[in-house]
Amino acid sequence: MNRATQGSAKLEWLLATTLHYGTSLASAVIRLPVVRVIVMLIVYFRQRDYRLAAIALLVLTIILLGFTVGLAGSRHRNTPTSPMQVRGETVPPHTMRAISLESNSFLTSPRHTLDRQEAFSQQN
Amino acid sequence: MHNEFALWLFAVSLGASALGGMLGMAGGIFIVPILAVFGHVDIHVAIAASTVSVIASSCSSAAPFLRGRLTNIRLAITLETATTLGALSGVFLFGVIPVSYLFFLFAAILLVSAQQMMSRRNDLPGASTVADTERWTAALRLDSTYPEGALGRDIAYRVQRLPTGMMLMFGAGLISALLGIGSGVLKIPAMDTALRLPIKVSSATSNFMISVTAAASAGAYFMHGDIVTSVAGPIALGSVVGAVLGARILIRASNASVRLLFVVVLILFAAQMLLQAFGIHLLKGWL
Numbered sequence: 006m007n008r009a010t011q012g013s014a015k016l017e018w019l020l021a022t023t024l025h026y027g028t029s030l031a032s033a034v035i036r037l038p039v040v041r042v043i044v045m046l047i048v049y050f051r052q053r054d055y056r057l058a059a060i061a062l063l064v065l066t067i068i069l070l071g072f073t074v075g076l077a078g079s080r081h082r083n084t085p086t087s088p089m090q091v092r093g094e095t096v097p098p099h100t101m102r103a104i105s106l107e108s109n110s111f112l113t114s115p116r117h118t119l120d121r122q123e124a125f126s127q128q129n
Numbered sequence: 004m005h006n007e008f009a010l011w012l013f014a015v016s017l018g019a020s021a022l023g024g025m026l027g028m029a030g031g032i033f034i035v036p037i038l039a040v041f042g043h044v045d046i047h048v049a050i051a052a053s054t055v056s057v058i059a060s061s062c063s064s065a066a067p068f069l070r071g072r073l074t075n076i077r078l079a080i081t082l083e084t085a086t087t088l089g090a091l092s093g094v095f096l097f098g099v100i101p102v103s104y105l106f107f108l109f110a111a112i113l114l115v116s117a118q119q120m121m122s123r124r125n126d127l128p129g130a131s132t133v134a135d136t137e138r139w140t141a142a143l144r145l146d147s148t149y150p151e152g153a154l155g156r157d158i159a160y161r162v163q164r165l166p167t168g169m170m171l172m173f174g175a176g177l178i179s180a181l182l183g184i185g186s187g188v189l190k191i192p193a194m195d196t197a198l199r200l201p202i203k204v205s206s207a208t209s210n211f212m213i214s215v216t217a218a219a220s221a222g223a224y225f226m227h228g229d230i231v232t233s234v235a236g237p238i239a240l241g242s243v244v245g246a247v248l249g250a251r252i253l254i255r256a257s258n259a260s261v262r263l264l265f266v267v268v269l270i271l272f273a274a275q276m277l278l279q280a281f282g283i284h285l286l287k288g289w290l
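Heads up: the protein sequence lines correspond to chains D and A, in order. Residues in the first sequence are numbered from 6 upward in steps of one, following the numbering used here. Residues in the second sequence are numbered from 4 upward in steps of one, following the numbering used here.
Possibly wrong hints are sitting among the right ones.
Stated by the list, open to error - Chain A side only, calculated, beta carbon under 8 Å to chain D, not exhaustive: (1) 59; (2) 215; (3) 223; (4) 226.
Hints were generated in silico from the structure; no laboratory data involved. Quick caveat: nothing in here was measured; it's all calculated off a predicted structure. The C-beta atom is built at its ideal place from N, Cα and C for all residues, glycine as well.
Chain D extracted, bound-state conformation (with noise of 0.2 Å):
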């Protein structure tokens, strides 16, 4: 393996890498406020401040409603339910549907046309 192909190894490592935990990430992101709210929920509780502890308590339960109303919409929604493959990763049918991709776009072209040259030239 030359040096060129083992750093193209090694920075495919890192992205997956970095996908990964960016995954994760995303999912962590949503629920940060949600534990801020429970924060200022329980600070204002203990300083015996019932009105602001109630408003947060609404608040909390507003956003847990969202994540509810979500749930129910996935559970009644009709799609097939196995996943299928884009570009060697397995993504749910919905997000497919979801994700309308031009062929032609330089950004969303297959791996093997991803050289602008070669795209072009084929587009011609």
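Following the hints, complete the assembly by docking chain A onto the known chain D.
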């Protein structure tokens, strides 16, 4: 989804959050049009992913304002009842409203943002008129003070017309969920005009509220499967880095040149979104 696209998402998110952070905005207002127009990502996926970016940006930039005692936390949690309700209402409308309407609405918001940036809001230290305390604000003890560096002392202010402010916050939450933006462009003027808050307090409190507002819709989108984690992941990472970078760049950049740059960018994006709303794709085939 290959790595080049992930890298592109990261770069877009970093740039958008840095640019937005320079003017106290979350990056969603740039991320959604860039993903929809240049990345050819379905606008619903772009909006859902953008909500994650908005949360990340808001959380990372809230700490300095809190330490600076500019954020009115009690007011923020009170107004969040309205913004989260608005966001939840937006979730129900998400997917019901036609895509062209979303593009049109986004173009309108971009133009409003450009107008907001062009009109300079100068808040003279100590110029806030202190009116009588209203019933609701007295019951919830929302009146407060903020440190004014120019005068070297704390300035007292009162929160006024809370019911009007709550209605405007409901609308801001609705827009936030529909378009995947922080809606700071709506919240700050609402706090300025309806609640009569000093501009620094408006900006800080709005920034503090953005994450919770976005979480109300992001949670629903996530459970519903509208947040594609391979898209949202790089965007979340880029937003965290970009928000920090934006704050540092802001210190060095001239206010006038930054504002002018953003007005131009916002108008261009608004024009592109309007064209998309009418089914005209000028950039199709360029990328």
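What hint numbers does the structure not satisfy? none
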